[in-house]
Amino acid sequence: MLEKFPDGSDVPKEHALRHSDWLSFMYKRLNLAQKLLKPEGVIFISINEEVYAQLKLLCDRIFQGTNYMTSFTVKVRHEDRILKGDKDFHETTEQLLMYRKSPEFKAIKRLQDNTSIDKYVFAIEELTDKPEKIRMGSKDVLVFKPNEYRIVRSEPFIEKFQKINIRGSLKEGNSSGRFHMQHLEARNHLFNYLYKVPDMGDDACGHRYFLSRKSEDQHNGSYFQGVPIGKDDIKEVPYPNFLDFEEAFNNVGYEGGVEFRNGKKPVDFIKFLFSIGSTNKNAVILDFFAGSGSTGHAVMEQNNIDGGRRQVILCTNNENNIANEVTYPRIKNLITGYIQTKNHKVILYELLLNPINLSDNTAILAAKEKFLSDAFKERYDEVHEEVRKNQYSLFGMIKKSSAVKGYGGSLKYYQTAFV
Numbered sequence: 117m118l119e120k121f122p123d124g125s126d127v128p129k130e131h132a133l134r135h136s137d138w139l140s141f142m143y144k145r146l147n148l149a150q151k152l153l154k155p156e157g158v159i160f161i162s163i164n165e166e167v168y169a170q171l172k173l174l175c176d177r178i179f180q181g182t183n184y185m186t187s188f189t190v191k192v193r194h195e196d197r198i199l200k201g202d203k204d205f206h207e208t209t210e211q212l213l214m215y216r217k218s219p220e221f222k223a224i225k226r227l228q229d230n231t232s233i234d235k236y237v238f239a240i241e242e243l244t245d246k247p248e249k250i251r252m253g254s255k256d257v258l259v260f261k262p263n264e265y266r267i268v269r270s271e272p273f274i275e276k277f278q279k280i281n282i283r284g285s286l287k288e289g290n291s292s293g294r295f296h297m298q299h300l301e302a303r304n305h306l307f308n309y310l311y312k313v314p315d316m317g318d319d320a321c322g323h324r325y326f327l328s329r330k331s332e333d334q335h336n337g338s339y340f341q342g343v344p345i346g347k348d349d350i351k352e353v354p355y356p357n358f359l360d361f362e363e364a365f366n367n368v369g370y371e372g373g374v375e376f377r378n379g380k381k382p383v384d385f386i387k388f389l390f391s392i393g394s395t396n397k398n399a400v401i402l403d404f405f406a407g408s409g410s411t412g413h414a415v416m417e418q419n420n421i422d423g424g425r426r427q428v429i430l431c432t433n434n435e436n437n438i439a440n441e442v443t444y445p446r447i448k449n450l451i452t453g454y455i456q457t458k459n460h461k462v463i464l465y466e467l468l469l470n471p472i473n474l475s476d477n478t479a480i481l482a483a484k485e486k487f488l489s490d491a492f493k494e495r496y497d498e499v500h501e502e503v504r505k506n507q508y509s510l511f512g513m514i515k516k517s518s519a520v521k522g523y524g525g526s527l528k529y530y531q532t533a534f535v
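Residue 509 in the numbering used here sits at position 393 of the sequence shown; the count goes up by one each step and never skips.
Since the hints were derived computationally from the structure, they do not count as laboratory data. You may find that some hints are simply not true.
[As the list claims (entries may be wrong)] With a Cα cut of at most 30 Å, we get these calculated DSS-like pairs of lysine-lysine:
| # | residue 1 | residue 2 |
| --- | --- | --- |
| 1 | K217 | K203 |
| 2 | K380 | K458 |
| 3 | K448 | K505 |
| 4 | K528 | K217 |
| 5 | K528 | K225 |
| 6 | K505 | K515 |
| 7 | K486 | K351 |
| 8 | K380 | K279 |
| 9 | K493 | K279 |
| 10 | K222 | K397 |
| 11 | K486 | K461 |
| 12 | K222 | K191 |
| 13 | K225 | K397 |
| 14 | K222 | K505 |
| 15 | K516 | K493 |
| 16 | K276 | K222 |
| 17 | K515 | K461 |
[Stated by the list, open to error] Ranges of calculated distance between the beta carbons of each label pair, as one might list FRET restraints:
| # | residue 1 | residue 2 | range |
| --- | --- | --- | --- |
| 18 | H335 | C431 | 50 to 60 Å |
| 19 | F307 | L227 | 39 to 49 Å |
| 20 | E275 | K151 | 57 to 67 Å |
| 21 | E271 | R226 | 21 to 31 Å |
| 22 | E363 | E248 | 55 to 65 Å |
| 23 | K515 | G284 | 48 to 58 Å |
| 24 | D476 | G524 | 50 to 60 Å |
| 25 | L467 | Q180 | 36 to 46 Å |
Even for Gly, the Cβ is constructed at its ideal location relative to N, Cα and C.
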């Protein structure tokens with residue numbers, strides 16, 4: 117970004133040249149990146165809020181708006197860890213743009229436990245054998261007045277119901293919502309009426325219960341759903357576009373045996389991007405703004421963890437001699453080994469716990485056998501297990517002043533004339 121005029125004076129923040137010079141520079145890099153991407157490839161671009169809007173428009177032009185995936189808001193520092201007290205607002209987050217090359221890239225989703233029945237806590241007792249019967253569309257609906265049924269809430273059980281409020285997109289989003297809006301909404305003035313609708317729902321009940329609102333103060337009715345038939349143990353769900361890497365960014369300063377305080381990215385953060393960018397363990401990864409070389413570090417570490425053969429290409433314009441003093445020494449450290457200058461934690465394995473893998477812990481035992489082996493104990497001073505927020509993890513600790521074993525491999529270093 118243009119911050120100084122040729123005479124050395126500062127360029128005002130609102131001056132058009134301040135952003136146009138930077139955008140011209142970015143256009144050349146990103147236009148080339150778009151051409152280099154494979155059809156199933158993606159690009160991540162980390163940026164602060166100052167030029168996010170301009171960069172988004174530029175990327176829409178280069179990659180096409182139809183290939184825009186999302187913008188992640190990434191928490192990078194604590195709300196009370198204020199670096200510049202004279203600013204009007206404290207910046208705790210950065211933005212991460214994600215674009216694909218073409219529709220051949222398919223979003224990689226996270227796996228979520230779907231076995232829980234914690235919400236299925238309601239049982240419904242019919243207290244009359246002769247409820248009123250009303251024809252609604254093609255269905256004969258049984259109507260229970262407030263004193264003709266009882267709803268009991270107790271411990272979760274597979275044969276009980278979950279109560280779902282009919283509001284927002286649910287009003288038209290599924291068959292239950294649409295049935296309610298078409299036939300029952302007009303009867304919402306009849307408070308606490310229960311309707312039993314046959315041949316509805318994907319559970320084993322064969323019917324669905326609807327409950328009208330309980331008073332004028334309540335706007336929406338609700339329905340009771342049984343546990344769906346064929347409920348999968350695991351389901352795919354989208355990643356949220358908010359990422360919390362505050363702890364990792366706070367401890368990033370000494371990763372890789374080099375100190376770099378201006379924009380250094382944590383290795384665990386970049387490894388996460390690998391996980392949502394490609395499942396290919398032989399991928400070629402290009403970092404146009406290499407900085408301290410964190411992407412190269414992340415590639416070597418991830419290859420060591422999962423046996424991948426990823427390759428990485430790092431590019432930098434050597435501003436302030438960064439390539440010679442930071443990037444190159446760091447990559448060389450990672451290949452040959454170095455002395456760790458601060459305690460460092462490396463995530464080796466994570467698994468979301470659920471009833472299935474708690475009763476059959478084969479996956480956990482396999483992970484322990486791999487990461488508690490001599491090969492990993494030689495690399496890390498300690499390997500620990502941890503259960504936190506319903507997640508099991510194994511992580512290696514490298515202590516301050518410890519000798520970090522190199523990953524090996526080869527490094528080719530090219531210097532080119534600026535064009």
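For this session: List, from low to high, the hint numbers that the structure doesn't satisfy.
Result: Checked against the structure, the hints that fail are numbers 1, 3, 5, 8, 9, 16, 24, while the rest are satisfied.
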